[in-house]
Amino acid sequence: MEMQQIKFYQTGTFTVGNRLLEADQRSVQANMERTNSLNSGHRACQGCGEALGARYAIDAAMRAANNQVIACNATGCLEVFSTPYPETSWQIPWIHSLFGNAAAVATGVMAAMKVKGRKDVRVIAQGGDGGTTDIGFGCLSGMFERNDDVLYLCYDNEAYMNTGVQRSSATPPAARTATTMALGAEPGNAFGQGKNVPLIAMAHGIPYVATASVAYLRDLEAKVSRAMTVRGARYIHILVPCPLGWGAAPHDTIKLARLAVETGIFPLFEAEHGEVTSSNKIRHRVPVEEYLRPQKRFAHLFGKTPAVDTLARIQDMADRNIRKFRLMDERRHG
Amino acid sequence: MLKQCEGSHAIAESVALCRPEVICAYPITPQTHIVEGLGEMVKAGDLENCEFINVESEFAALSVAIGASAAGARTYTATASQGLLFMAEAVYNAAGLGLPIVMTIGNRAIGAPINIWNDHTDSMSMRDAGWIQLYAETNQEAADLHIQAFRLAEELSMPVMVCVDGFILTHAYERLDIPTQEQVDAYLPPFEPRQVLDPREPVSIGAMVGPEAFMEVRYLAHHKQMRALELIPQLSAEFGQVFGRESGGLMRTYRAEDAKTIVVALGSVNGTIKDVVDELRDDGYAIGAAAILSFRPFPSDALHELLSHAKRLVVIEKSLAVGIGGIVSHNLRMALSGISLHAYTVVAGLGGRPITKASLRSLFERALRDELEPLTFLDLNQAAIDRELAREQAQRRSGPSAENILRDLGVR
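First to last, the sequence lines map onto chains C and R. The numbering used here numbers the first residue of the first sequence as 1 and each following residue consecutively. The numbering used here numbers the first residue of the second sequence as 1 and each following residue consecutively.
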């Protein structure tokens, strides 16, 4: 009989079908024994990328740490939708203190575990982009600089969604937010601003930095698992689309998260001790317009007269990412 | 053991004897020597089983303390002045979460103008944050109060600030009695937290609370402080039994039994006040004093009782509530319900201005003759103020006030 090639990926999505993998290669979420650390019943919006990312990341961390995990949460959507008193979706020990101090609280928990001889207990800090790249940045940098044994997870939805979609230092250029209105000569967020926290994390020389996207959940799980094998400060920056803030359909969360990667706008890579060690290759490159057009926050770019110059600038940024992080398979495209 | 040492060092030794497990340090004058002392003990291996963490800000210091305490570690930090304000959000948070952190405040003025010297503006700004606030009169008491503070904090699951006058106490060298480890161990049991982050028994701490329960959570904090009104004297008495000396309590009176005029103050200035009371007693005046040791909870009943037979009350305040006057006086008014007396508020010693015996004596003499204004600023240089006011009157761009006054004082 002629050999028949197994269709490893579902058509058009590149999503790995678990059924086709060996049991030990299947995702944490495919396992009956997954911990459901962030349990169902919480109040996230339909299509919330952050809820999805947090569930995969924390469950993967739980598996890696033999369920000995304590999480420290910054103020933000994740905190609000998961814990309206007296309900909580967290099946793990969890603390929320303030907006800007999640990394420092995690340092404190880590110190307490160390002094009590509980080296088996692993500490996670988590927050949105506002709590990470803006208000929590001082504490984050301090935790990195001391190389405290904490895994920090940033769920980046590119604005302050919990307070009603205001600009953060992770908001992309041209994006409309409540504080970068789609008005005037240069509508939306300004070009040439904002900060790249994964690169800043690398500049601290910490042992592990990675970026991930909720479109590539196996990759996210793998990066969390990898991070958990390392001691010291670790940082994973996860792109999590927000249907409300981005003005997108809830069923498009995964699609947009994938397009951000396939355009080169959001490069996926890993770095150790300040050096990039690998990047996820783009298998199906698409122009940025495909990513931007379905999002109402970019609607002003596609009016009666399309903002071709602005689109070209965004395309330039994506192209630069592709070169810088070597996102194309160079054997085929180089 | 009797020792000649700096106040800060005595506090550090006392804290070390309490077997802290996590200490977070960020430098700010005048508390710095305390954490330096502790850091030295940890680094040298004299203080075992303790993590000493150098952080990047006071906000981080208290945030690390919050995490450590919530994870079940006995936790200590210290700060002062701008540092306390910089961590303000975490100050409220630690109290709201009910975490028994002990923090020393080396009391110092708040800028601008920037000033490193002593007054009580810093800790007074956090008086309603939900922490217990104890004010030490002497360095011996400062050292002793820390031992009581851990016991009190952990008993109530509530943070405690021990307020120690910057420089006047923190940097003063004197003969102090440092207790033994056995004594402290006999007095302070190991930390048994009411709530703890533990994978064996997962809990969520710090959840979102709406109108349906927020009032009750806040009320419980108040209720606990009311309990502290009973607990603080008990712990002070027990301290006396174990350590053989009196220290702490809600308040302490001095020659107040038959006094018609009572002077009330917080902290180290009480030493000077007592000397002046002695002088005036020698001259036949019925004057006495009361030191408030616990400003939060506020010992309203004890003060009501004390003042119910007095004719005059003089409150010496090391802080200024701009736009109204005194903070301590304002709090005392709540305790004066039904009592009719002459009450004088005296703002004194701001930014380290010395409060001298001579100034206090002349102040009290004026009070005894009822010649004081309701609000008085002790030893205010009225001429310097008048000159600056005249400048402001004369021209719109009169320049920065602080610099103008300094120039006047230096050049004249």
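If you're looking for bench data, these hints aren't it; they were derived computationally from the structure. Remember, predicted model here, so these are calculated numbers, not experimental data. Hints are not guaranteed to be accurate.
Cross-link-like lysine-lysine pairs, in silico, DSS-like; alpha carbons within 30 Å at most [unchecked claim]:
1) R/224 x C/116
2) C/281 x C/195
3) C/255 x C/304
4) R/260 x C/116
5) C/255 x C/195
6) R/311 x R/274
7) C/255 x C/281
8) C/281 x C/296
9) C/114 x R/43
10) R/260 x R/274
11) C/324 x C/255
12) C/119 x R/43
Some chain C residues close to chain R (C-beta under 7 Å, calculated; not the full set) [what the hints assert, rightly or not]:
13) 66
14) 80
15) 83
16) 85
17) 92
18) 95
19) 104
20) 105
21) 114
22) 115
23) 225
24) 228
25) 229
26) 249
One-sided excerpt, in silico: chain C residues whose CB lies under 10 Å from chain R [as the list claims (entries may be wrong)]:
27) 72
28) 91
29) 193
30) 290
Backbone N, C-alpha and C define an ideal beta-carbon position, used for all residues, glycine too.
### Task
Against the earlier hints, flag every one the structure doesn't satisfy and list their numbers going up.
Checked against the structure, the hints that fail are numbers 4, 13, 23, 24, 25, 26, 29 and 30, while the rest are satisfied.
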